[in-house]
Amino acid sequence: MKLKFWGVRGSIPTPSPHTVRFGGNTSCVSVDLGGNVVIFDAGTGIRNLGISLLERPDKPKMDMFLSHVHWDHIQGFPFFGPGYREGYVIDVHGRGKADNTLGEILAGQMEGPNFPVSLHQLGATFTYSDIISGQSITINSQTGEPVARVSCIAGRHPNGVLVYRLDDLLRNSSIVYATDTEHQKNKLDEGIVALAQGADVLIYDGMYTPEEYEEKYQGWGHSTWEKGFEIARAAGVRRFIVFHHDPNHTDDFLDAYETEVRAKCRLSQPNMRVDFARELMEIELG
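The sequence shown begins at 201 in this note's numbering and counts up by one.
Hints listed in this document are in silico derivations from the structure and should not be mistaken for laboratory results.
Just so you know, nobody snuck in bad clues.
Pairs of lysine-lysine residues, derived as BS3-like cross-links and limited to a Cα-Cα distance of at most 27 Å, are as follows:
1. K464 x K204
2. K202 x K261
3. K202 x K259
4. K385 x K416
The task is simple: from the sequences and hints, build the whole structure.
In structure tokens form, the structure reads like this:
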């Protein structure tokens with residue numbers, strides 16, 4: 201299975217000469233399972249994912265899991281090319297609201313005058329399922345065999361967020377996607393530790409430095425590399441990836457910061473690989 205990052209930035213796209221190496225698109229990660237593709241979030245990075253999928257000779261079945269529906273995580277959805285083509289099947293999963301289902305929320309951002317094409321005019325076959333913390337979804341191949349399982353728990357973010365774990369049932373590999381979740385002040389998030397137990401990869405929201413968080417960002421719904429690393433260590437994760445970079449963090453800043461963070465992590469976990477997410481970064485598992 202192949203994990204690929206298409207958007208790694210938080211809050212707002214940041215196209216700039218100073219964000220070329222890490223990328224300026226907002227959150228989107230794909231997991232290619234062969235005839236199935238699992239997508240986490242539909243930020244602006246999903247546009248390039250869509251271009252890539254349209255270049256494939258096959259039409260993979262797609263399952264899209266939205267961590268939450270804040271704009272930076274769904275604003276790329278109307279620009280996802282396969283959504284306009286007949287023959288593609290896209291199942292969208294996520295957390296609706298008390299007064300709006302997930303499908304209604306996605307349709308709302310495409311209503312005029314916001315966008316010229318409505319959700320109902322798209323050519324692909326879409327389904328929408330509202331899911332809740334503790335739920336698991338089995339992903340089947342196009343011939344009906346189970347190929348993966350996605351489980352979720354609630355994170356800590358304004359208006360709510362879901363943290364996901366994907367288990368590849370054929371290759372015994374696992375990925376945890378934990379963006380837009382804020383750590384608790386003096387203890388680990390035991391729910392995420394349990395979800396990430398033994399995972400190959402933990403993708404975690406390290407939007408702020410510990411100093412930035414303490415000075416001005418408490419309660420904003422984001423975390424630090426430090427707290428993510430503590431979870432990765434407690435869960436026995438093999439690879440830890442810092443994700444959802446702050447719009448103000450330039451390539452030069454992130455390069456230097458990544459070097460510093462790796463050195464600190466190596467002191468207690470020399471066998472754990474630590475990276476900062478970059479657009480188009482790929483990881484093969486299994």
